[in-house]
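Trainee: Sequence:
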Amino acid sequence: MKRLLYVLFIFFIIGCASGHKKADQDSGEASYELTTFSFDQKNSPYEFWPAYQINAGDILDVLFQIKTWEKKADYRLGIDDFTSIKFLHAPELNTDDKVHPDGNIALPYIGEFQALGKTIEEIQTELSGRYKGILQNPEIQVLVPEYRASIKELKADLKTAPRGLSRLVTVRPDGYVTFPIVGSIFVGGRTFPDVNNELNEKYDKIIPGLYVDLFLEHHAGSRMYVLGQVYKPGVYDIPKPLTIEQAIAMAGGYMREARLNDIFVVRRQYDRMIATRIDFANKFNNNNREYKFFYLRPDDILYVPKRPINKAAELMRDVSEILLFRGWSFGFSWELHDEPAEP
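So the sequence shown is numbered by the working numbering: it starts at 20 and just counts up by one.
Because the hints were derived from the structure by calculation, they are not lab data. Heads up, a few of these hints could be off.
Said to hold, decoys possible - SDA-like cross-link-like pairs, simulated, lysine to any residue; straight-line CA separation at most 20 Å:
| # | residue 1 | residue 2 |
| --- | --- | --- |
| 1 | LYS137 | LYS221 |
| 2 | LYS224 | GLU141 |
| 3 | LYS325 | LYS259 |
| 4 | LYS259 | PRO317 |
| 5 | LYS137 | ARG95 |
| 6 | LYS325 | MET274 |
| 7 | LYS259 | GLN248 |
| 8 | LYS259 | ASN74 |
| 9 | LYS251 | ARG275 |
| 10 | LYS259 | GLY76 |
| 11 | LYS224 | VAL81 |
| 12 | LYS137 | THR114 |
| 13 | LYS251 | MET274 |
| 14 | LYS137 | PRO110 |
| 15 | LYS325 | GLN248 |
| 16 | LYS151 | PRO120 |
| 17 | LYS251 | ARG326 |
| 18 | LYS221 | LYS251 |
| 19 | LYS224 | SER203 |
| 20 | LYS221 | PRO317 |
| 21 | LYS259 | MET274 |
| 22 | LYS221 | PRO120 |
| 23 | LYS259 | LYS224 |
Said to hold, decoys possible - Here are the simulated distance ranges between beta carbons:
| # | residue 1 | residue 2 | range |
| --- | --- | --- | --- |
| 24 | PRO110 | ASP193 | 54 to 62 Å |
| 25 | ASP193 | LEU107 | 57 to 65 Å |
| 26 | PRO110 | ASN219 | 17 to 25 Å |
| 27 | GLY148 | PRO192 | 52 to 60 Å |
| 28 | ILE129 | ILE78 | 48 to 56 Å |
| 29 | HIS119 | GLN84 | 25 to 33 Å |
| 30 | GLN160 | ALA239 | 50 to 58 Å |
| 31 | THR197 | GLY272 | 42 to 50 Å |
| 32 | ALA268 | PRO327 | 31 to 39 Å |
What you are looking at is a predicted structure, and each value in this text was computed from that prediction instead of being measured. Ideal Cβ placement from N, Cα and C applies to all residues, glycine included.
Could you put the whole structure together from the sequences, leaning on the hints where they help?
Mentor: In structure tokens, the structure reads:
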């Protein structure tokens with residue numbers, strides 16, 4: 020039964036390969052759209068981590084930034100902001116009050132007035148209209164002697180905490196993280212810039228002037244696979260961005276029979292498996308600077324073959340065991356490319 024399943028799998032992947040784009044048999048080159056490989060991203064090493072997808076078990080560092088010095092001309096009142104309402108021709112009505120949790124302040128004669136989310140100019144205009152039927156020629160001045168009181172209290176609390184302005188949060192198995200103040204947000208499979216932007220939008224709505232920077236403190240479950248002609252093939256942790264050279268060194272180095280000009284990096288991209296041929300021998304011997312910017316990502320398969328491989332089906336046969344081990348679906352389509360030629 021096991022043998023029958025394996026035979027069926029081989030026939031299936033060969034069928035998949037024949038129906039998809041592969042390298043031209045004559046030129047050995049293939050034109051294709053941008054992938055997630057670093058040499059497709061202007062050879063910049065900094066393209067690796069922004070594309071990292073957050074996983075369950077990751078520990079995130081939330082660094083708060085409190086920008087109380089940024090005063091906006093259209094500043095809108097928030098909860099706990101202190102207001103001072105001055106009646107120029109009726110000073111006995113002057114009132115100092117703090118914006119209540121319901122967004123109101125208490126004023127003489129008219130009672131509760133909704134001040135939350137309004138600018139000083141908007142409040143002055145509204146109050147002048149409201150008091151026209153009560154006072155003769157009302158002239159009202161609105162002052163905010165102390166604004167963002169809540170953010171100042173938060174700043175004091177953060178400074179007395181063990182990590183200062185930083186908080187560590189852990190991604191739960193369901194992909195959610197509970198952040199201070201804003202609560203639970205789904206982060207599983209998302210990138211850091213994406214989550215960071217959502218957090219800043221939420222924090223700015225609650226406490227204007229409060230921003231966060233999100234960092235990866237510790238990542239869990241990030242693995243790569245080094246297979247083929249290396250002394251210690253297997254699964255390895257990715258403690259930091261790794262080059263092909265570093266990955267091979269972690270696997271004990273390459274064997275004498277290894278074809279270094281035909282090393283493959285297999286990467287899952289959406290519903291496709293992108294296999295790219297790397298001429299490691301040429302890049303390594305020439306100390307190519309651009310090559311050093313080729314960084315491996317979690318779940319990449321680095322395969323060092325013993326023989327030439329020209330078709331996607333051949334490569335799939337060689338790495339089928341690792342695919343079955345990881346539980347990746349047989350329905351993925353495969354593409355085999357050469358790395359872009361140097362200009």
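Trainee: Could you run down the list of hints and mark each one as holding or not?
Mentor: Status of the hints after comparison with the structure:
1. A C-alpha spacing of about 18 Å is found between LYS137 and LYS221, which places the hinted pair at or below 20 Å, so the restraint holds.
2. Annotation: proposed proximity of LYS224 to GLU141 holds, straight-line Cα distance about 19 Å (limit 20 Å).
3. For a cut-off of 20 Å, the pair hint linking LYS325 to LYS259 is broken: about 28 Å separates their Cα positions.
4. For the proposed pair LYS259 and PRO317, the alpha carbon gap of about 10 Å is at most 20 Å, so the pair holds.
5. Between LYS137 and ARG95 the CA atoms are separated by roughly 5 Å; this keeps the pair inside 20 Å, and the hint holds.
6. A C-alpha spacing of about 9 Å is found between LYS325 and MET274, which places the hinted pair at or below 20 Å, so the restraint holds.
7. Using a Cα cut-off of 20 Å, the hinted pair LYS259 and GLN248 is violated, with the two alpha carbons roughly 24 Å apart.
8. Pair hint LYS259 plus ASN74 holds up; C-alpha atoms about 15 Å apart against a cutoff of 20 Å.
9. A threshold of 20 Å between alpha carbons decides the hint, and for LYS251 with ARG275 the separation of about 14 Å falls inside it, so the pair holds.
10. Under the criterion of a C-alpha separation no larger than 20 Å, the hint pairing LYS259 with GLY76 is consistent with the structure, at around 17 Å.
11. With a C-alpha separation of about 18 Å, the suggested pair LYS224 and VAL81 falls inside the 20 Å cut-off, and the hint holds.
12. At most 20 Å may separate the alpha-carbon atoms for a hinted pair to count; LYS137 and THR114 meet this at roughly 18 Å.
13. Distance check on the hinted pair: LYS251 and MET274 sit about 10 Å apart at the alpha-carbon level, within 20 Å; holds.
14. The hinted pair formed by LYS137 and PRO110 fails the criterion: a straight-line CA distance of about 24 Å is larger than 20 Å.
15. With a CA separation close to 6 Å, the supplied pair LYS325 and GLN248 stays within the 20 Å bound.
16. This hinted pair does not check out: LYS151 and PRO120 have alpha carbons roughly 28 Å apart, beyond 20 Å.
17. Taking the CA atoms of LYS251 and ARG326, the gap is about 19 Å. The hint holds against a cut of 20 Å.
18. Restraint check for LYS221 and LYS251: the C-alpha separation of about 48 Å exceeds 20 Å, so the hint is violated.
19. Using a Cα cut-off of 20 Å, the hinted pair LYS224 and SER203 holds, with the two alpha carbons roughly 16 Å apart.
20. Distance check on the hinted pair: LYS221 and PRO317 sit about 30 Å apart at the alpha-carbon level, beyond 20 Å; violated.
21. This hinted pair does not check out: LYS259 and MET274 have alpha carbons roughly 25 Å apart, beyond 20 Å.
22. Between LYS221 and PRO120, the direct Cα distance comes to roughly 18 Å. Compliance with the 20 Å bound is thereby established for this hinted pair.
23. Using a Cα cut-off of 20 Å, the hinted pair LYS259 and LYS224 is violated, with the two alpha carbons roughly 35 Å apart.
24. For PRO110 paired with ASP193, a C-beta distance near 59 Å keeps the hint of 54 to 62 Å intact.
25. In this structure, ASP193 and LEU107 meet the distance hint of 57 to 65 Å, their C-beta atoms being roughly 58 Å apart.
26. Between PRO110 and ASN219 the beta carbons are some 42 Å apart, a value that contradicts the proposed interval 17 to 25 Å.
27. The hinted range of 52 to 60 Å is satisfied by GLY148 and PRO192, whose Cβ atoms lie roughly 55 Å apart.
28. Roughly 52 Å separates the CB atoms of ILE129 and ILE78, a value that falls within the hinted 48 to 56 Å.
29. Taking the beta carbon of each, HIS119 and GLN84 are about 27 Å apart, inside 25 to 33 Å as hinted.
30. Evaluation of the 50 to 58 Å hint for GLN160 and ALA239 yields a pass: the beta carbon distance comes to about 57 Å.
31. At about 45 Å, the beta-carbon gap between THR197 and GLY272 stays in the expected band of 42 to 50 Å.
32. Evaluation of the 31 to 39 Å hint for ALA268 and PRO327 yields a failure: the beta carbon distance comes to about 24 Å.
Taken one by one, the earlier hints fail for this structure at numbers 3, 7, 14, 16, 18, 20, 21, 23, 26 and 32, listed in ascending order.
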